[in-house]
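Visitor: If you want the building blocks of each chain, they are given just below.
Protein chains: 2
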Amino acid sequence: MKIAIMGCGTVGTGVYEIIKNTPDVLLKGAHGEKLEVKYILDIRAFDDPEKEALRVTDLTAILSDPEVGIVVESMGGLNPAYGFCMRCLNAGKSVVTSNKLLVAEKAEDLFAAARANNVSFRFGAAVCGGIPVIRTMFYGLAANEITGFAGILNGTSNFILTKMIRDKMSNAAALALAQEYGYAEKDPTDDIEGFDAARKTAILASICSGRHIYPSEIHTEGVTAISAEDVEYVSGANAKIKLLGRAEKLENGKIYACVSPAVIGKEDLLASVEGVFNALKVYGTRVGEVLLYGPGAGKDATASAVTADILDCVRAPGFDTAYCWENAAENAVLPYDAYVTALYVRGYANDKKRAVAAIRERFDGVRFLSRLNAPENELAFITDRRAERELRASLETLDGFAAANIIRVVK
Amino acid sequence: MKIAIMGCGTVGTGVYEIIKNTPDVLLKGAHGEKLEVKYILDIRAFDDPEKEALRVTDLTAILSDPEVGIVVESMGGLNPAYGFCMRCLNAGKSVVTSNKLLVAEKAEDLFAAARANNVSFRFGAAVCGGIPVIRTMFYGLAANEITGFAGILNGTSNFILTKMIRDKMSNAAALALAQEYGYAEKDPTDDIEGFDAARKTAILASICSGRHIYPSEIHTEGVTAISAEDVEYVSGANAKIKLLGRAEKLENGKIYACVSPAVIGKEDLLASVEGVFNALKVYGTRVGEVLLYGPGAGKDATASAVTADILDCVRAPGFDTAYCWENAAENAVLPYDAYVTALYVRGYANDKKRAVAAIRERFDGVRFLSRLNAPENELAFITDRRAERELRASLETLDGFAAANIIRVVK
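Read top to bottom, the protein sequences are chains A and B. Per my numbering, the first sequence starts with residue 710, numbered consecutively. Per my numbering, the second sequence starts with residue 710, numbered consecutively.
Bear in mind the hints are in silico, worked out from the structure with no lab data behind them. Please read these numbers as outputs of a predicted model, since none were measured by experiment. Positions of the beta carbon are idealized from the N, C-alpha and C atoms, including for glycine. A hint or two may mislead.
Heads up, simulated DSS-like pairs for lysine-lysine below, C-alpha to C-alpha not over 27 Å straight-line [stated by the list, open to error]: (1) B:Lys-737 x A:Lys-975; (2) A:Lys-711 x A:Lys-815; (3) B:Lys-737 x A:Lys-872; (4) B:Lys-737 x A:Lys-963; (5) A:Lys-711 x A:Lys-743.
Here chain B is said to cover these stretches of chain A; the calculated rule only asks that three of the stretch's residues, wherever they fall, bring their Cβ under 8 Å from a Cβ of chain B [said to hold, decoys possible]: (6) 819-826; (7) 838-846; (8) 850-861; (9) 992-1005; (10) 1018-1026.
Throw the hints in and build the complete structure from the sequences for me.
Guide: Structural data, given as structure tokens:
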């Protein structure tokens, strides 16, 4: 089977190296057929003469070669990746991509083109890198209705939180360290504001709901507001703060989907996921809870997932109706603040005694937290469980108390 | 697609119920084809008239019906399951089984028959119940050489150890509680002596090595020798005792495979797996480490895995050369005591001072452990890392020290 790679950055290079250096490992997965990279589409010249010999700059070379059955898209970004993938599918090539933005924004069109041309479209590497979460949801748990998931989907923000929790670093210092290690970009916005996690959550929520959910429909908060004070209070309550991408299918048919920091108990396995690792808990009607953990990024791990998808395309080159979802529907997503939750609240009150009394009155069974050397006027507590908008309305009525940070508490 | 179920106990009933009650959930995975149970082979009559109407007592009814494409084997045991599965494969039916004994002992013949008749033979439910570990190793990590694994593969013994560690129960009391809850059989030998875990380890080691590994080739110890004293010493060393099934592919091409209690650090995710849950860590050359966690047994979870395999058979009814291994080879398995490890040792010495000096002399960098209210003559320590047989030989030379229990320390 001849393969073309569009965009030979980190992931594309990883795929090229796996196919070139370990063809024997792949033979079994490819039912004995040898894989070979025939073209690399890239505008930049390569130093490596072997790679340079495969390089083309015009997509038509790939489209017009009937030997090429599978095209790997590892360019990233929406354009020209989207147009290129559509042209490949329409030329009868199967497409494998690691591009979460592309899938989160354009899967409807890509599924339609793959279906019309009866070719395969797969994107296992788009979420959680080397961890086979997407194939597990589509295939491994196919006898279940997926009722929800919760996951650590962004390694950079998990690294920052791990450093804040374990080494008591400030948020800014932890981000600087992530940048020093190469875990965060110079412009870290996508990671620390939750946008990267929102794209992944959109893809997983689409599998869960069976209909396309767009990132813009998902309430998204990053880790930037988390302070050392929050970490201390939450640690004292035998819990941890993690940035979670979550969704839940509700009884009314709607889906709740959210990316935000979350307070979770220390006994939760997700609380033990440290550093740049990713993990995803999936809930199924038959299986209950399954958790998958591993490297969420990195050249080899991501290329491992892309190559597994290539092997699937070799074994099953036609369109796989088990590996897709329906087009989006209106009002499919619950307004995030209608969802029932508890909230962790940290804030300040000059008349602390009065504030505590008011808080106790508004929030049944409220639990106050403590930390060493807290300023006199600081207060932190965990509310009862109600629709988030009701909790926030109750907070608004607290005279003389100013909330500094609010974090959802996830059971 | 018409399906027959052989043996309608717990798992078979679970599969029957999924297909009967949630056909819509399955349509997607079956590419729109409706699944239907046409026969149930069982010698016992059913109270449920719908099930009874499907019941046959003679396999030939199934074999001779060309409508039946897939047969589920959920009888358990080696006979008559083995003969029945062979007859089904030779009659051109795909077979899906949850029977770990069958796969661990007879996979060579079953693969050969499936290959000869170009039908599918799948056994995802045979290891770790609802957790998709086998398909992950065969498909999800197909771009990797699997270099090893370590897992909690038996829920009953993990429940016993959890109760001993968390609630300070004795081994006997924890077993009694497991029996009361229905987690352990009246005769718990298979679970507590490690035989169940050894069958699962044999299957996973076969995937890892690419050749059949038999349970008889795997050094197997259960949890019966673990005492409250061991639990205390190990907890004091910030570690936990877990029953692990493990294998490692070695540089000389041999495979190390072992089922035994293991001392693992508390920060290891496997240490956080509590109660009857299962978890498996898999090491791949590209992906590094991936962990899967979930329910390792139970009607619905196991039936979920069987049904996922049924759907695979519907989508890909032919023999899958990516989902098998080669026949066994001689001397493929390393003698377990040639493997390099450290050992936890608990024992007794009347002249403790002299014993400590001798232990320090024999074991470089030995680490002595402590527990509250230990008897005067008790000693526990962790040795250096060497081939296990060398460590045991050194222990033999310790005059005046009698080892009471020895547990491998796993990094």
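Visitor: Could you tell me which of the numbered hints above are not met by this structure, giving the numbers in increasing order?
Guide: 1, 3 and 6
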